Every structure is written in structure tokens, then in C-alpha cells.
Amino acid sequence: MGGKEQPIIFGIRHLSPAGAWNLRKLLDQVMPQLVLVEGPSDFTEELSVLADRKTKLPVAVMAYTSDTPIHTILYPLAEYSPEYQAVLWANEHDKECRFIDLPSSVFLAYMRAAGIEEDAGEEERISVYRRLDELSGEDAHETFWERTMEHFSEGDGYFKGAEVFGKNLRELTQGKDWDDAETIVREAYMKRQIKKAIDSGIAPEQIVVVTGAYHTQGLKESTLELSDQELGQLPSVESQKTWMPYSYYRLSSRSGYGAGNKAPAYYELLWKGYQKGEADYAARSYLSKLAFWQRQNGNMVSSAEVIEAVRLSFSLAELHGYRIPALRDLRDAAMTCMGHGNFGEIAQAVADTEIGTTIGSLPQGISRTSVQNDFYRFLDELHLRRYCSVTADDLHLDLREKLTVKSEKSAFLDRERSFFLHRLRVLGISFVNWQQVQQENATWAEHWVLRWTPEAEIEIVETQLKGDTILLAAAFQMKEEAKKEQGIAAIAKIIEESFLCGMPEMVSFTTSILQKIAVEAAAVEEIAKTVHSLSLVIQYGSIRNLSSDALVPVLEQLFLRACLLLPESCICDDNASREMIHAVSMLNEAALRHEFLSEEQWLQVVTEIAQRDDLNTKVSGYAAAVLLERGTFTNKELELQVQRRLSRGIPADLGAGWFEGLSMKNRYALITHMSLWESLDGYLDTLDDEEFKRALLFLRRAFADFTAREKSDIAENLGELWQLNPQQVSEIVNAPLTQEAQEMLEELDDFDFGDI
Amino acid sequence: MAAKTKVQRLPAEQMFQKEIEALIAAETDPIPTGWKMSPKSVLTYITGGKVGRKVITPKYIGHKRLVEIAIATLVTDRALLLIGEPGTAKSWLSEHLTAAINGDSTKVIQGTAGTTEEQIRYSWNYAMLIAQGPSQEAMLKSPIFHAMETGTIARMEEISRCASEVQDALISILSEKRVSVPELGLEVPAKKGFSVIATANTRDKGVNEMSAALKRRFNIVVLPAPADLESEMDIVKTRVAQLSENLDLNAKLPEQEVIEKVCTIFRELRLGATLDGKQKLKPTTGVLSTAEAISLLANSMALAGSFGNGTITDYDLAAGLQGAIVKDEEKDSLAWKEYLENILKKRGLKWSGLYKECKELNG
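Sequence lines, in order, name chains A and B. Mind the numbering: the first sequence is residues 1 to 756 in our numbering, read in order. Mind the numbering: the second sequence is residues 757 to 1119 in our numbering, read in order.
Bear in mind the hints are in silico, worked out from the structure with no lab data behind them. Keep in mind that this is a model prediction, so the values were computed, not measured. C-beta atoms are modelled at their ideal positions from N, C-alpha and C, and glycine is treated no differently. Hints may contain errors.
Only part of the chain B face toward chain A is listed, based on derived beta-carbon distances under 10 Å [to be verified]: (1) A778; (2) T789; (3) P795; (4) K796; (5) A826; (6) T829; (7) F974; (8) V977; (9) V978; (10) N1002; (11) L1003; (12) L1090; (13) I1099; (14) R1103.
Derived Cβ-Cβ restraints for the label pairs, each shown as a range [to be verified]: (15) A:M300 x B:P938: 29 to 35 Å; (16) B:K947 x A:M300: 28 to 34 Å; (17) B:L1117 x A:A490: 55 to 61 Å.
Please put together the full structure from these sequences, using the hints given.
Take a look at the structure:
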């Protein structure tokens, strides 16, 4: 490009009200044929959406790679974005408007090559701005920008200021910034686009180029535009794009450009100020809005205080030599005059006034993503539309078949709803909230609280990144999680989730993962837990109309593994014995519940545990109790065991520990076994004083959670043994401890158990 | 700085006379009515900087923005209320603000439980009043009255110590901006430039709540304790240097290491945790303010100058620390002992001398 035939290049700052205003003024003046805007060139075809009257800003265009790992670029626009105003102006005046930056597919390819997840460029940029802060003497570049650019509304100040600023910024950063190379390619591409426009016959002076201030210099310099060959060499990935409504909240928390969007609601006030032609409009309305919020929330703020705050903010600005207060001045003035010097008092009001709750919307149908379509289709189909309100609504589901209705669809309506809601929950969409059901074991009842927020809409759009429908996205999400997880218990949890979501394919997918890592699993406790949760899924799978066949082999495999590992794991100390007993109990339940688990094998294992002498006696006792409960232990066998375990010479802790384990189950049966009590009595008689004290500790623990009724039954047994009046014994057993006994027991606490 | 005089403590405008003169001489910005210099120059005077070749020493270090807010408040002829814990330089800041703005920091009312309404408005020379009846000559004007007549700024120290009816007397003055003297049938309006800087304590015994009506008449600036060790050390160093010149302490200025030790101990006991935040510790009952650190060091310098070799030793420091920290005999002594054993003892060689001396003193 030669010096003469240059189009007008208008440098802006993204999301800049002053930029938007001045740009419109310039466009009105120049009346160009063509407006070129810095923005991915493939977005040009989407511009009609922006011009639609039903579109309410802020909105964003998102481009994302079709395959994983997913990279995205987001192009958010607010009403005060110069880019948006450029598009609007072109539309109003029937002129052409085009985006001229690299296509989004190229951007995404660069990101993928650099291994960047999302706009990581920001961090790099921040260091640039820090240098800028040091140069400008203010401690926030936002404030500097605002003061120098946003408040300047006379003549071509903005136009020139942005140019100088961009030039300086370039000098500061060029050769230091990581994305220098990308910048060069981008500018060469934009120049190519500009040249193309000129070549097509539009006079250069009939073209206005809207671009970030940073690029103005680059576009003016006489570097070459991208050649055809180079164009062909640009990397590219398959990508898609979608419009989405955006919110000021997101605009402030996920700024992509590192400038000018921390306080969108305030910037909107600036924009309105420009439209009204009142330079101090934003200052006044900021403080009034803040005061209004305070009053609404019960904090008294008088008009006098607002007036004082306005005055203070202006004098703060003057202190820096400016006429109009910047956001920082306003905030400090509000803190001083309305917050009694404490920022905490106004913090919430500040957040509301600066960021606000504005959320954009798009015309129906135009730009709905497939996930959104899917979501709304389900809402209609499942009659959930009416829950789309901002007030929280309760929804109680009964998953059982409704016998009173005719069609199968309505008979299982609640079940389908449950699947749908669980999928949304897995995707983390804030529309749904799963509540715990009070009633225990009511596997058919579910309680949900549904509340629609526009944020949820955005979350749904973002779900598009994971899949084209709610179902696919949920599956994707779970697969990703399953791939990350290593523990079998965690995988079992995901299997449970897939059941809740009604996704049989997911069940088989995770089951296969489980199968693979189950081979490595060595902790009996964890295996037992997994067996337990899988067993529940199989048991209650039918209520969700899901076949759990795929789970059966895994459960068998895990159960077998547990059986093999269990006996050796029972060589453990007292602390671990509690966990082992829990494991035995869970495995036992599973064995009882499912016929396909080998009963014979299980009983063999339990018998082994019950009989071996080298295992923790408490677990052995518990195993004996299991056998007794199952009726595989005859009275005679029990007696034999009792005699063996409680015979003279057995250390007190082992004997009493065994009894503790035994008494953890089917107490009623135990109480009726007279021979047991006889043996116990005889055993205790053999102990000397010191040993008796030890045994007492275990026995106290064993009897601790017997009920009063059970205790008196035992007393009756003992009374009979000792030929005493059962009532008297019962009284003694159930009586509260006397002072004396208490003291004796306390002595026992000092007893040295170190060698046990 | 001013030549040495026999006065124990010179007011700020005399102590920094040369700086103020230099700022006024170099003034280019517009000056508000009743002020001696522009708000910008006031800011330079307080936070430090350069005028031509003259270096302006910083009077208030850290939190520059708060100073900006304070000055901007006074430009709008609003009254300013400085709130903060004891020893956060409230009075210091208010003195220097008035010194720079009016060249006069002496229009002060000291708030106490015994302050009366007359001391805020005016009272009479009763001998003269009885002899001549009410007249302008028999009237004793309060500093605020004077400030209103001359369009300058009056200071009200420790406003929260005054009884509430006395505080209320300020309300009418601040909203009407005039004092009526019914005895003389006189209405005295405030001249442009009149304002009040009040200071108030938040955490002290014997403090009266301020009414909302009075608070509303002030722009409130809360002065925090220094934000980090570096700025606190800066403050202490600057102030100790100024003090020692004034007091002829005959000792060398404390070394950086000594200042660091004192500031570290003070900050840790104030925050109830070690500076690296890894260990919690028991704070003392009293507020260990920066002001106390300054006086502690000046005190140690006096000890060193009078009885030692002129350099602050660990022995001098320990005596000062003991006095500053242990105010409530039993509780503080325990907390201090715990701190010594748990923290100081383990800090290594640099601290071991101080630890030994402190331990000896604290018993």
C-alpha cells in the first residue's frame, strides 16, 4: 500500500464506549462504502444476527474445535463495543461490513499448536500493562485508559490518542511478547483483506478499518500483505461456531483482552452518557445507583451523602488534573461518603453497580445450538417448561410405573424426567438441584428443585463443547472423568451415575474400564465397597428399566477377588478389624442378594475365617456369627468353637475379642444358646485377677450396645446358671453405675494395655 | 528544617518551614480560596517528592490514595474525619494537612471526657464579663471560632472521647457553617476555606459512639496500620531520624537491622501470627502501634546515648520492648514469654542476643 491510497484506520480499544461513540461520529462524517472490522473473517456471515432488532447485547460468538482437546475462542460484544456499533452503523446506512482478521479455524489451530487452553495471552499482556502503569504514574491501567481515552470526547482526540497509544505499546512490547509472530501473520492477513477490497474497486477513502489500537501502526507500515502461497500454508483445524447470549458478569470475570471490561455496567453508563451528551452522566448515575442499591438493602443513604460523594469524586479527579472522575474516584468517594470509610460496607453495592446482572438474548431460533434445541425439546416433551421460571420450584418424582394412565410414555414420565435431570446435573447446569430424599431406601422417589437463570442458558450453550445433544455431552463428560479416575470405588460411582442418567452405553463403557483396573485392585475394603455399590445398582436397576447384565461379570470377578484376598487380610490389628468386619458384612449382603454369586465359595471363605486361629479373633468371631445366622453352623459346632475359643490358657484379649465379634450379629439367637453362656462363665472363672481386668474391657465393649431388654435376658441366663433370682440379677446389670463401681472402672482406665 | 530551638516540639509548619516555602514558591496550579498551596502540592508535601532541587520528605508513608481522598475532601469544604486504631498517625496526618494547607496547625481542640460545649464555640473572660458586660473583648473564642473567622481549618482531636452533647455542638457548626452569639446579637458566618479535621479512635477504652447525624457531616477516612513490614520500617526510620534531631539524643541512628527487629516483633504481636503466617501466637492486650515502635526506638537511643556507648545494643532494646509490650502485668508477661520461647529463640544467631536480654528482663 502506498502512502496516498490508505483507507482510514480507526484504532480502538475493545469494549470502549468512547471508541464506539467516536467511531460512529467518524462514520457519519466519512460515509464509507465499506467498513472493515478486526474480527475473525469467517464471522462475517454471522453479522446479520447482530443487526437483528431482537438481539439484546451482550452476546458472544464462540468458535470451537470439533474434536478433542477442545479449544475455543470467544468474541464477546457489548452494546458499547465499537465493533458492534460499526456493524450496526453499516446496517442502518445500508453499507457493507466485513470482518477481516484470520478465520477462527486458524486461530484455533494456533492455540492448539501452542497448547493453550483458553485466552492465556491475557497473562502475558498484563505484564505489558504493568509497565504502562509505571509509566503513567497511576496504579491501574484501567484508570489510565479511562481517564485518557474514555472521557475524551472532543474532536478527533480519541482517533489520535489511540494511534499514539497503540504505537507506544508496540514499541514497549515488540520483540518481547510471545505472540509477536501471530501478530505479524494477523496483520499481513488483514492487509490482504484490505487490498482485496481496494482491488475490487472501492476507493481507499471509502473504506474505514476498525481495529485494535495496537494494530493501527502495523496496518500502516509498508510490510507486505499475505501472499496466496502463504495463505495456503496457514494451519487450520475443523471448527464450528455459535452465537450465545452473554452476561455482564461473564464479561467482567472472563475478560479476553485485558482492558476495559472489569466494570461493564459502569461502561454502559459511560456509553449512555455519550448518547445523552452529558460528560458527567456516568459519575452521577453511578453514585445514585449505588445509593439506591444501598437503600434497597436496608442501608440508609441520604441524598446529601450522594451529593457529597459526587463532589468528592470530582475533586479527586481534579487532584490528578482531570475534569471527570474515573471509576476509581467514584468508588473511593462512595466508600468515604456512603461507606463511612469502610469499603466492606459498600462492596456488594459496588459489585452490583459496576458489573450488574444484565444478560443478553438472541432472537428465537436464529442461533440456537443443537444442545439448546435438544434441551428445549426435552423440556416440552417432559412437560417441564413451566419450571423455567426464576423462582425455585419443587419437583417430586415417582419412578414407578403409573398404572392409572394408558400410554407407556406417560406411565414412565417421571422416570424419563429423572434421567434428563440427572444428565443436566452431571453437566453441572445450575438449572437443576438434586435434593436428598428423607425416606430411607425409597429408591423410587426423587426430589428436585428447579430454578431457571439466564446463566443456565449460557451454561447450556457451553455444553455444546462437549457434545451435540444433552445425552452426548453427558456421556462425554463421564467418559472424561472415568479416564481420569484410578480407584475402582470412584469408577463404581460413575457407573452409578450412568444408571441414574439412564445411559446403558455408558454403563458398559465404564464397566469395561472397571474390569481393567479391577485386576490390580488389592485392598479388600475398597473391593467390598465397590461390590456393594455395584450390587445396589443391579438390585435397583430395574426401577430405571435398565439391564444390568453387563455388570454381572465384573461383580463376579470382584467378588471372587475379595474371597481370595479376604482370609489373609484378616491378619490385622484391632483398628483394622472394624473395617474388615464391615467388608465381610457388605460381601455377605451381596452374596445373599445375588444368586449368581457362588454361595458355596462364600461360605467356605467365611468358615475358613471362623476356624483359623491365626486371624484377628474379632473378625473370626464375626465370621462365626455370619455362619450362625445363615444356619450353616449347628449348635454343636458353635459349642465346639466356643469351647475352643474360650478355653483355659487363651489370653483374655483374644477370648473376649472373639466374643465381641460373635455378639455383633443375631444377638437373639446367641442369648438363647445356654451353652454359650456356660462356656463364657467357665472361661472367665479360669482367668486370674489381672487377666480378668483385661477381659472386662472387651466384654464391656461387647455388651455396650446391647439393649436393656437384651441385657436382662442375658441376666436371666446367668441367673439360671448361678442359681440366682433372675430379677435381682437384672436389676444389678441394668442399674446405673454406683460411685464405687465408677471409681473401680476409672482405675481400669489407668490399666496398662501396652502389651496387648 | 528549622534551626534548633529551645522548644520541646515545634509545630509542623515550623519544623518543615523550608519545604512549605519551597512548595509555595514553585506553585503552578490553582490554589483554592483560603489555602496556601494547591491540593497537588499538599499531596507532595505529605507523601514526599521533589520541588525543583528541594527534596520533600514523606510525612505519611503508604496508602497514598487515602491522603488523596483526605485532601480532596477538604477541597470540597467538607469536614474530614480520620478514624483508626491508636498510633496509626491520625493526629500526625491532620497536623500536617493543616500545616500545608493553612501554614497553621495550632488551632486544636483536644477532645476529652471533660471537654465542654463552650470549648467548641466560645466562652467568656468572666472577670471582664462581670466588669463590662458582654462584649467582643470579653469573649474567648474557641479554635473553631477562630478558624471560621479566618477561613482556615481547625483540628478536633479525639472527638470520640467527648460526651455526646459536646459532639452534637459540632453538628450545627458543620451544617450551618455559622456561630451565633446571642449575648451580643452576633451571627458569625464561616469564611470560605473553613473546615474541620477530626480524629477518632476505634479501639480504645472510654470512647463514646458518634451519632449518625454527626458522622454524616464528615467524610470518613479509615487509616489502617502499615500494610507491610517494609513500609512500617520506612515510617519508623523517617520518624526516628526527625525525632532524634529534635531531641538531641546523642546516639547513633538505629541500624536497619534494629528497626527490622522491632517492627517484626510489633507486627507479629499485633497480627497474632508470624510474618510468614505459619505460626499463630497470642497477641498482647495493648495495641502495639507504629507510634509506639517509634517512641521505643527513640527511648532506646536515649538510653544508649546517656548510659551506653551511643549505639543501641540488645540490652537497650530489651528494656524498651519490655516496657512497651508488657502493659497488663500478668497476661502480657505470659504472652511475651511465650513469644520469646516459641518464636524468637528459634530465629537463629541474629536474634539470639536480643532473646537472651529479653529473657533476663522478663524473668
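Here is what the structure says about each hint:
| no. | hint | in the structure |
| --- | --- | --- |
| 1 | A778 | violated, 20 Å |
| 2 | T789 | violated, 14 Å |
| 3 | P795 | holds, 5 Å |
| 4 | K796 | holds, 6 Å |
| 5 | A826 | holds, 9 Å |
| 6 | T829 | holds, 6 Å |
| 7 | F974 | holds, 9 Å |
| 8 | V977 | holds, 5 Å |
| 9 | V978 | holds, 4 Å |
| 10 | N1002 | violated, 31 Å |
| 11 | L1003 | violated, 34 Å |
| 12 | L1090 | violated, 32 Å |
| 13 | I1099 | violated, 31 Å |
| 14 | R1103 | violated, 34 Å |
| 15 | A:M300 x B:P938: 29 to 35 Å | holds, 34 Å |
| 16 | B:K947 x A:M300: 28 to 34 Å | holds, 32 Å |
| 17 | B:L1117 x A:A490: 55 to 61 Å | holds, 59 Å |
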